[in-house]
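*Asks:* Taken in order, these protein sequences are the chains called Z and B. Going by numbering that gives the first Met the number 0, the first sequence opens with residue 0, and the numbers climb by one from there. Going by numbering that gives the first Met the number 0, the second sequence opens with residue 0, and the numbers climb by one from there.
The set of hints was computed from the structure by calculation and includes no laboratory data. Just so you know, not all the hints are guaranteed correct.
[Claimed, not checked] Interface residues of chain B toward chain Z, partial, derived using beta-carbon atoms under 10 Å: (1) Ile2; (2) Gly5; (3) Asp22; (4) Ala78; (5) Leu89; (6) Ala93; (7) Ser103; (8) Thr156.
[What the hints assert, rightly or not] DSSO-like, lysine-lysine: derived pairs with alpha carbons at most 30 Å apart: (9) Lys81(Z) to Lys67(B); (10) Lys289(Z) to Lys142(B); (11) Lys30(B) to Lys142(B); (12) Lys210(B) to Lys107(B); (13) Lys147(Z) to Lys107(B); (14) Lys119(B) to Lys67(B); (15) Lys147(Z) to Lys238(B); (16) Lys142(B) to Lys67(B); (17) Lys30(B) to Lys12(B); (18) Lys183(B) to Lys83(Z); (19) Lys183(B) to Lys210(B); (20) Lys67(B) to Lys12(B); (21) Lys232(Z) to Lys166(B); (22) Lys30(B) to Lys238(B); (23) Lys142(B) to Lys81(Z); (24) Lys143(B) to Lys232(Z); (25) Lys119(B) to Lys147(Z); (26) Lys147(Z) to Lys272(Z); (27) Lys142(B) to Lys232(Z); (28) Lys142(B) to Lys29(B); (29) Lys166(B) to Lys128(B); (30) Lys107(B) to Lys166(B); (31) Lys83(Z) to Lys142(B); (32) Lys4(B) to Lys183(B); (33) Lys210(B) to Lys81(Z); (34) Lys237(B) to Lys30(B); (35) Lys291(Z) to Lys183(B); (36) Lys147(Z) to Lys142(B); (37) Lys110(B) to Lys83(Z); (38) Lys81(Z) to Lys30(B); (39) Lys107(B) to Lys29(B); (40) Lys143(B) to Lys291(Z).
Glycine included, C-beta positions come from ideal geometry on N, C-alpha and C.
Chain by chain, the residues:
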Amino acid sequence: MPISLFLHALEQGLVFGIMVLGVFITYKILDFPDLTVEGSFPLGAAVAAKVIFSGGDPLWGTFLAMIAGSLAGLITGLLHTKLKLTNLLSGILTMTLLYSVNLRIMGRPNIPLLGKVTLLGEIENYFPNLSMDYLIPFFFLFLVVILKFIIDYFLSTEIGLTIIATGDNEQMIKSLGVNTDLTKLMGLCISNALVALSGALFAQYSGFADVNMGLGTIVAGLACVIIGISIIKIPTIFWRTIAVLVGSLVYRLIMIIALRYGYSFGFKPGDLKMISVLLVIIALSVPFIKGKLNFADRFNLGRKDLQNNNGKEV
Amino acid sequence: MLIIKGLTKYFAKNSPHETLALDNFDLQIKKGDFVTIIGSNGAGKSTLLNLVAGTLQQDMGEISLLGKAITCQPEYQRARWIGRVFQNPLLGTAPYMTVEENLSLSLKREKRGLRLGINKNLRNFFREKLSELNLELEDNISKKVGLLSGGQRQAMTMLMATMFKPKVLLLDEHTAALDPESSKKILKLTQDLVMERQVDLITLMVTHNMKQALEVGNRTVMMDRGRNIFDIQGEERKKINVDDLVRQFSILGNRKDKYIEDRMVLI
């Protein structure tokens with residue numbers, strides 16, 4: 000397999016890794032399956048693309064994208080905490096709302112960024128002697144590692160612990176003096192700001208923003224989180240953020256291989272979404288299937304209740 | 000002083016299933032009092048604690064603590080003064096978080112900020128407190144709470160509910176779901192922890208065990224159908240035994256037919 004494929008997987012794994020960190024915060028920390036990401040990913044792309052296309056500062060555009068993303072999270076959070084809608088419905092409503100918003104922001108379904116000054120272009124100008132092939136993955140790696148450590152630190156602060164506890168035992172943390180509406184809002188804002196940042200960077204990396212580019216974000220995000228956590232099982236925050244990033248890299252590698260070699264098995268590009276769903280199903284059902292497979296021991300030993308493997312992860 | 004005045008709570012109000020859980024309930028408790036609350040199922044004991052804690056909102060009535068009306072404050076604001084232990088040992092702790100994280104969450108109940116939740120000083124403080132429980136938890140301070148036994152978790156919850164020096168301690172049948180051995184331990188721990196701060200702590204303990212209700216604390220309140228039907232303390236309380244209490248219950252509660260049944264439930 001050519002090395003360029005690995006580099007592509009690395010770059011994409013890192014760019015989408017920021018989105019995965021966001022999905023991790025809602026899905027795993029807050030226990031909130033947040034569909035807003037389907038809208039906040041292209042929202043980030045749209046805002047950044049609009050600013051860059053109009054000749055604005057790409058850094059400013061990327062920053063605005065994060066603000067827009069956190070506002071999207073805020074809307075979902077308010078629907079859920081103040082109007083008491085279920086978490087899934089809140090996300091679906093915001094996601095659908097954002098489709099129109101994104102079209103409004105861009106003014107058309109697609110904005111090309113070729114020939115415009117993007118963040119990556121600016122970085123290239125700073126280091127004119129280095130090859131783009133290695134500069135881009137290195138920049139993304141640098142950014143992702145910094146974000147990882149900021150998230151790790153935040154989740155171990157007094158406020159961070161209350162956010163974790165909100166997802167773990169809401170009734171208890173309320174009785175310990177925490178306004179769980181507020182912690183949920185915080186978690187959703189941070190998560191969607193990360194997802195929008197990921198969208199903004201992906202638009203600049205791939206050279207366009209498209210109103211449909213968010214399709215399947217949530218499944219991809221979940222796949223990465225679940226794959227990562229089933230590979231690295233150490234249950235501390237430090238290792239779990241590493242795990243989901245590894246999950247993101249593995250997922251992108253699988254996707255790129257499927258895209259490159261899938262033709263020989265009769266796959267088409269449209270089948271990619273199906274592959275990611277299959278990945279999620281497989282990753283989620285592994286503990287269950289492992290438990291079922293234990294029947295082999297039972298036959299051998301003639302004891303029925305030898306092992307009860309629930310596959311529960313802590 | 001905790002003053003409860005005319006507290007009334009309906010469930011499923013304005014529906015065919017409307018039930019009156021608390022009926023114009025009055026109770027005044029002074030600092031240092033340890034009140035045990037008894038009553039049959041559906042008497043409103045847990046509802047009373049939930050209203051004091053702010054988990055439920057009353058339909059009528061007022062609650063004030065230390066001269067301050069807390070009736071309109073949400074649960075998370077009252078938590079500054081109120082420590083709680085639930086019947087279910089799984090409710091009081093967060094299972095996927097470590098022992099020290101749980102303790103840290105409980106210690107600081109307002110103005111949480113971006114300081115680290117756990118530092119060296121806190122860790123030493125937690126170790127010291129945990130060693131007093133004699134459950135060897137001090138060596139497992141970074142273990143996930145979900146891996147501990149029910150008794151250990153309840154002991155931790157007891158510690159969490161008292162460590163931050165609350166004004167009110169609410170115990171809702173907190174020994175009922177444990178095996179007899181752990182149950183004894185937790186009750187002993189309760190008495191020790193309450194004794195430490197006897198001067199200014201108000202304790203409310205719901206129990207189904209009449210013997211326990213008379214042995215622990217210095218005042219006993221009997222509830223029936225949401226009302227305070229019998230309230231006894233001091234010398235009078237020392238003279239009374241479980242049989243007297245059961246008799247009182249059947250007379251005051253107007254339930255001669257239920258005498259035998261309640262006797263079996265309550266002893």
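*Asks:* Quick one, are Lys83(Z) and Lys142(B) close enough, alpha carbons at most 30 Å?
*Replies:* 35 Å, violated
*Asks:* Next pair to validate is Lys210(B) with Lys81(Z); report whether the Cα-Cα distance is within 30 Å.
*Replies:* 46 Å, violated
*Asks:* Taking 30 Å as the top limit, are the C-alpha atoms of Lys142(B) and Lys67(B) close enough?
*Replies:* Violated, at about 40 Å.
*Asks:* For the hint on Ala93(B), just tell me whether its beta-carbon gets within less than 10 Å of chain Z.
*Replies:* 4 Å, holds
*Asks:* Using 10 Å as the Cβ threshold, decide whether Thr156(B) counts as touching chain Z.
*Replies:* Given a least distance of 9 Å, the restraint on Thr156(B) holds.
*Asks:* Has the given pair, Lys237(B) with Lys30(B), been kept, meaning a C-alpha gap of at most 30 Å?
*Replies:* Given that 30 Å is the threshold and the Cα spacing comes to 20 Å, the pair holds.
*Asks:* Next pair to validate is Lys289(Z) with Lys142(B); report whether the Cα-Cα distance is within 30 Å.
*Replies:* 26 Å, holds
*Asks:* Would you check the hint for Lys166(B) and Lys128(B), treating anything up to 30 Å between C-alpha atoms as holding?
*Replies:* 19 Å, holds
*Asks:* Does Lys30(B) pair with Lys12(B) here, judged by a C-alpha cut-off of 30 Å?
*Replies:* 34 Å, violated
*Asks:* Please verify that hint: Ser103(B), Cβ, nearest Cβ of chain Z, below 10 Å or not.
*Replies:* 6 Å, holds
*Asks:* For the pair supplied as a hint, Lys107(B) and Lys166(B), confirm whether the alpha-carbon distance does not exceed 30 Å.
*Replies:* Cα-Cα ~14 Å, so holds.
*Asks:* Are the Cα positions of Lys110(B) and Lys83(Z) separated by 30 Å at most?
*Replies:* Status holds; Cα separation ~26 Å.
Checked against the numbered hints listed earlier, the structure breaks hints 1, 2, 3, 11, 12, 14, 15, 16, 17, 18, 21, 23, 28, 31, 32, 33, 35, 38; every other hint is satisfied.
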